[in-house]
Each structure stands twice: as structure tokens, then as C-alpha cells.
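Asker: Heads up: the sequence lines are chains A and B, in that order. Taking our numbering, the leading residue of the first sequence gets 1, the next gets one more, and so forth. Taking our numbering, the leading residue of the second sequence gets 1001, the next gets one more, and so forth.
Mixed in with the good hints, there may be bad ones.
[Said to hold, decoys possible] Anything over 10 angstroms on all C-beta distances counts as not near chain A; from chain B, calculated:
id	residue
1	1076
2	1115
3	1235
[Unchecked claim] DSS-like cross-link-like pairs, simulated, lysine-lysine; straight-line CA separation at most 30 angstroms:
id	chain 1	residue 1	chain 2	residue 2
4	A	243	B	1245
5	A	226	B	1168
6	B	1168	A	162
To be clear, the hints were calculated from the coordinates, so they are not data collected in a lab. Even glycine gets a Cβ: it sits at the ideal position worked out from N, Cα and C.
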Amino acid sequence: MFPIRDDNPQLNKPYATYGLIAANALAWFLLQGFGFGEQLQASVCQYGLIPSDLFSNELLDARPAGACPPGGAGWLGVLTSMFMHGGWMHILGNMWFLWVFGDNVEDAMGSLRFLCFYILTGLCAVAAQVIADPGSSIPMVGASGAIGGVMGAYIMLYPRVKVHMAVILIIIFTTFRVPAVAMLGYWIVLQLLGAFSSIGSSGGGVAFWAHVGGFVGGAGLVWLFKDDELLLNHPYHGWQQQKRAADVWNDPSNRE
Amino acid sequence: MPEIRPMYKGDIHHIIRIIDAYDDDDAEAAEEDYEASGLEDQFVLEVNDKVIGVTGFRRVEATDKTAWLSWTYVDKAHAGQGYGKAMLGQLLDKLKEEQAGKIFVKVSNYEDPEDGKIYERAHKMYQSLGFELELTNKDFYDEGEDQLIYGKVLTQSTEEELEVLEEKPVIRFNGMYEIAESEGAYTFSWIVEEKKAFFGKRSFSVDDLRIGLQAVKNDGGRKVFLTFPSNLPLIHQPLQAVGFKYIGNLTDYYEKGVHEMHFSHSLDTIE
Chain A
1 MFPIRDDNPQ LNKPYATYGL IAANALAWFL LQGFGFGEQL QASVCQYGLI PSDLFSNELL
61 DARPAGACPP GGAGWLGVLT SMFMHGGWMH ILGNMWFLWV FGDNVEDAMG SLRFLCFYIL
121 TGLCAVAAQV IADPGSSIPM VGASGAIGGV MGAYIMLYPR VKVHMAVILI IIFTTFRVPA
181 VAMLGYWIVL QLLGAFSSIG SSGGGVAFWA HVGGFVGGAG LVWLFKDDEL LLNHPYHGWQ
241 QQKRAADVWN DPSNRE
Chain B
1001 MPEIRPMYKG DIHHIIRIID AYDDDDAEAA EEDYEASGLE DQFVLEVNDK VIGVTGFRRV
1061 EATDKTAWLS WTYVDKAHAG QGYGKAMLGQ LLDKLKEEQA GKIFVKVSNY EDPEDGKIYE
1121 RAHKMYQSLG FELELTNKDF YDEGEDQLIY GKVLTQSTEE ELEVLEEKPV IRFNGMYEIA
1181 ESEGAYTFSW IVEEKKAFFG KRSFSVDDLR IGLQAVKNDG GRKVFLTFPS NLPLIHQPLQ
1241 AVGFKYIGNL TDYYEKGVHE MHFSHSLDTI E
């Protein structure tokens, strides 16, 4: 079950969303060797974020035996890890979600602001994951934290917009529509369940806390980044049935 | 009753004298308008080979369906004898032949200290011809002198009632000027700009309006009047936020269902 599109009109070309997808794809092709062979493993270690590298002193601390040799990205990994992925399904899934939800969030803030917003929610995601497991030596990669932020923004901006979900059951393919708040709410609940069940585990896998951190960061930052005037372009924003903009003049105090 | 005929250049001098006998501001504005916009659709009424009245219309640029009545005066010697009404009746027939949907006219309610309500007769005549008052721009020409806008439906539109599509162009102000014939009433001219892709689609902001209002205040202005088509949802929030008041609509001004909305700001909140 996955979202295929939403009933949300697009007014401006989502250049930043296109650009981010292109950047992720370029990193995948150029730096990660299409996910094949040793280049994938090497790139994850080189550009991924290793929490234990951030606060340790390599000379003094005995580095826990990790999956990666020393000499990773360090603090730079906070940024570079957002453009790295661990496999074809990982990058395709992330880019698909960015494609479905990113354009409308970008439409509510303009491309440059959206780009800043995306990077910031990526930082929120990294922060959440690092705080949850600061000693981890497992490299973290993926745009999903930042995309979690985009989804957090989407649930705040367009909770009632219908999202088309595709269901594939062996040979049956069907679609149905749910409000964004239900689809994204379900998603964040899954992430929270995953996050809490991952406490104490030291193994790799999905960085649930990054998803949660990105989502919460996005849901908060969107209030700073959204542009009410641009949102007027969207007939279905917010919880309430949108009034016509001209209705403001019905108020006697706004009349001569 | 004589027929109206097209106005020629040679008539202008005499026409301006007729108008000037009532209102020198109007005479000046009319002369400028004839020079700037030409004599197309302008007419005069001749009695015994002498021009005694003037009328005409100007089409609204954005549509072929509506027009504004031009300066319409009958010289003082012939006023009150039915010439004005006859002249206008002929003009309205011409407009109907051309399938015009609606005509509007602006009239002052000026009260002269000596001559009293000099436009009272004009108001009565328009009303008797079926013009209806659509809105009043208070203190438009001067403090205490309003502009009343009347409209008359000429041909009922046979178009079906369609849902009016809202448009979201990027509107920017590109000038500020004192409205002709007025003392201290200003307006802003605006243009539709290409949208700026990287910054999203953005029309004028509250700050843009404040800058404009401040400039009017600094220029000694009294009041600002703005008009916009009614299908632009992005204009309302900034206009309201900066304190513009809604005056009213000229119904079906652009097309059926798209009105001209009038707003004013009295600059009282501007330092």
C-alpha cells in the first residue's frame, strides 16, 4: 500500500522538488555506483552519518567496532547523508514520497524557502536519531528524515486533501482515497512504534527516530516557512472549508 | 428633435466653452481626453447649425461589452428643454445597436455656494433614462464632493450563468497619481507581471501598499481609491490588512459575473 498521487492542484513548477530528486539521483549514480558492489558500501561509510563519530575523539576513545573504517564524513555527514541511500528500494521509495508530497509543500512556500525548509527538517531528523542513539557506529543514510519533514508540513497544510493509495494484493491492483491526515497519521504512528521498539537495540535497519524527528520538525517549521498568500492558491488548505477571499469584505468594519 | 452627429476637431473649442460654463475642472479634463483618446464615439447635438450639446462614450479597454458615458452637457441656454434626454436616448440606441451590454456614468454631487446643486438635473435625467445608482465614492472629487456611479443595462446577456473562474496573476503597482478632476484623491496604477518562479507566485504585499499610501500622504493626498476585477482572490488579504475599505461593485463590468470592485483608504492610519 503506497500513495500514488493527491487531489491537490499545483500552481508553480516545483523546481526545488525536481532539483532535490535530481541531486539524490545524481548522488546515487555518481557516488554510489547505482547501488552495486563495493562502491555502495564505501559511499555509505564515506558520506553517511556515524553518530559516534560526532562526539568522540578518535585519538583518545577506542572507537567501537563499527561497520565502517575510520575517516568518514564526520560533521559533514549531517548534510551528505541526506543524499545517500542504502539500496534501490530505499531511494525509489524516498523519491516517490518526495514527488507526491513535495510539490504542494513547495507551492506553499516558494522554491528557495522550500529548499531551506527541506535541509532544516533533514537536520531535525539527524538530531533526533543522534540523540536517540548517540553512540551508534552504524552509518545513517537517506533522505527519509527530510522527507518526513515534508510529510509533517503536508499534514499541517493540507490535512483534508485526499491521497490516492494503491494496493497491490498478488494479482489485484486497486486504489482508494483517504484524507492526508489519515494516511500520514498512520505513517507517523508506524514510525513511532518502530522508534520505541528500536530503543536498546544496537542493530541497523530503519532510522525510525530520524523519521519522527523530521516529521515533528517539519510540522513545526512549516508555520515559519509557509506563505499565507501562496496558500491562497490552494483551495483545500487547512481544516476548515475555505471561504472565498473576497468574503473578508462582508465584515461591516471593512466597508466604507 | 435633431439627430446627434459625430464630433469633429472644429467642434472642440465650442464644446469646451459649453462644459466650462458648468465646471472648469470638467472642461479641462474633457479637453485633455479628446486630445489623448481622440474623437471616436464622441457626438454633438446641433440646433439651427449650432452645437448645443455634447455626449459620447468610451469603451472599457478590457471588454467590448461595457462603456463609460463621456462628458454630457447641454449649453445653459438650452438646458431643461429635453435636449439632454433626447441626445442620450439616441446615444443609448447606438450602443444597443453595437450590442453593448452596459453603460456607466460618473456624476458629482457638487453643491455650488451660489448655484446650488448644479448636477441635480443630471442625476434626475439619468434616473429617468433607467440608470441605477451602483456605488458612491465618498469625498472623491474633494472633501464633501462625492462621485456617484450609475449603471444601465442595455442588452440583457443571453450567456448562461457560468461559474466565474478565479485568476491569480502577479499584480504589481507601477505608479501613483492624483485622479484627474479631483483634489487630493489618488490611485495606483497596476500591471500584471510575469511570475517569479523561484520565489513563488506573489502579488503586491501589505508593505507595497504601505509604501504607496505613505507616498500619497507625503504628496499631500487625502484619500486613495483603487479598483480591481472581482475574480482576483489574491488582492483581498493585503488590501484589508492595510486598512482599505470596500465601497461596492460595478456589476458585470468586465463580463457577466465579473464586477469591478471599488476600495478606498482615507490615510488616517498612515503616520
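Asker: Could you work out which earlier hints the structure fails to respect and list their numbers in ascending sequence?
Answerer: Those not satisfied come down to hint 3.
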